[in-house]
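So the protein sequences, as listed, match chains U and X.
One gets our numbering by counting positions in the first sequence from 1 and adding 303 to each.
One gets our numbering by counting positions in the second sequence from 1 and adding 40 to each.
Hint data in this document are derived by calculation from the structure and do not stem from the laboratory.
Source: prediction; values computed, not measured.
Any given hint could turn out to be false.
As the list claims (entries may be wrong) - Here are the simulated DSSO-like pairs of lysine-lysine, each with C-alpha atoms no more than 27 Å apart in a straight line:
| hint | chain 1 | residue 1 | chain 2 | residue 2 |
| --- | --- | --- | --- | --- |
| 1 | X | Lys110 | X | Lys95 |
| 2 | X | Lys142 | X | Lys118 |
| 3 | X | Lys95 | X | Lys118 |
| 4 | U | Lys371 | X | Lys142 |
| 5 | X | Lys142 | U | Lys381 |
| 6 | X | Lys110 | X | Lys142 |
| 7 | U | Lys381 | U | Lys327 |
| 8 | U | Lys371 | U | Lys327 |
| 9 | U | Lys327 | X | Lys142 |
To be verified - Sample of chain U residues with no beta-carbon within 12 Å of chain X, all distances over it, derived:
| hint | residue |
| --- | --- |
| 10 | Glu314 |
| 11 | Gln320 |
| 12 | Arg325 |
| 13 | Asn355 |
| 14 | Ala370 |
Backbone N, C-alpha and C fix where the C-beta goes; we use that ideal spot for every residue, glycine too.
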Amino acid sequence: DAGVIQSPRHEVTEMGQEVTLRCKPISGHNSLFWYRQTMMRGLELLIYFNNNVPIDDSGMPEDRFSAKMPNASFSTLKIQPSEPRDSAVYFCASSLGFERFYGYTFGSGTRLTVV
Amino acid sequence: AQTVTQSQPEMSVQEAETVTLSCTYDTSESDYYLFWYKQPPSRQMILVIRQEAYKQQNATENRFSVNFQKAAKSFSLKISDSQLGDAAMYFCAYRGGGATNKLIFGTGTLLAVQP
Numbered sequence: 304d305a306g307v308i309q310s311p312r313h314e315v316t317e318m319g320q321e322v323t324l325r326c327k328p329i330s331g332h333n334s335l336f337w338y339r340q341t342m343m344r345g346l347e348l349l350i351y352f353n354n355n356v357p358i359d360d361s362g363m364p365e366d367r368f369s370a371k372m373p374n375a376s377f378s379t380l381k382i383q384p385s386e387p388r389d390s391a392v393y394f395c396a397s398s399l400g401f402e403r404f405y406g407y408t409f410g411s412g413t414r415l416t417v418v
Numbered sequence: 041a042q043t044v045t046q047s048q049p050e051m052s053v054q055e056a057e058t059v060t061l062s063c064t065y066d067t068s069e070s071d072y073y074l075f076w077y078k079q080p081p082s083r084q085m086i087l088v089i090r091q092e093a094y095k096q097q098n099a100t101e102n103r104f105s106v107n108f109q110k111a112a113k114s115f116s117l118k119i120s121d122s123q124l125g126d127a128a129m130y131f132c133a134y135r136g137g138g139a140t141n142k143l144i145f146g147t148g149t150l151l152a153v154q155p
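Generate the whole structure from the sequences, applying the supplied hints.
Here is the structure:
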């Protein structure tokens, strides 16, 4: 298995531009999570999906952020418009929802820089 | 709400020595799972070790072991025979056994290994 695949690995964009981060979970995993990591706030859960349905989006910072999971093998996190304070590493992770002992498998993350 | 606390922002250990990283958590649940993740400079999140709350026996994975004290809500990580490759940020994480499927992270401990 190739693991959780995120793209792009790095993204540099100008303030005000739309940014789309992509994630392909491990085949067979039915839970998908988006996290944001910053020095100030650590690892924050933004949103998670079970069986492609958003379950908890209470961590999404504001309306500029949106996430979709159109099918079991693909998810996107979109920021529109982007701001410098959105600069962070964004992780996608997946798991078997009912197999809680196994934790999550994380992707390599996308480092977003908004200038 | 569940919380995870790592009170040691930074730790240092000599190569081949043993180091213990602390983690405490707060929960009202009786069924849950605890994890330690390692994040090296590559930023990949790597699962190091995991523990089921209903198991009294402490988990061990090669040079990594935990001291799980359920009553004290403590979950420390011991690294024996430390190696240069162990240098990384270490995160303690909690996952509930109920309807909530979220992994809640502590703020991390940055471990340096001195040659």
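Of the hints stated earlier, which fail here? none
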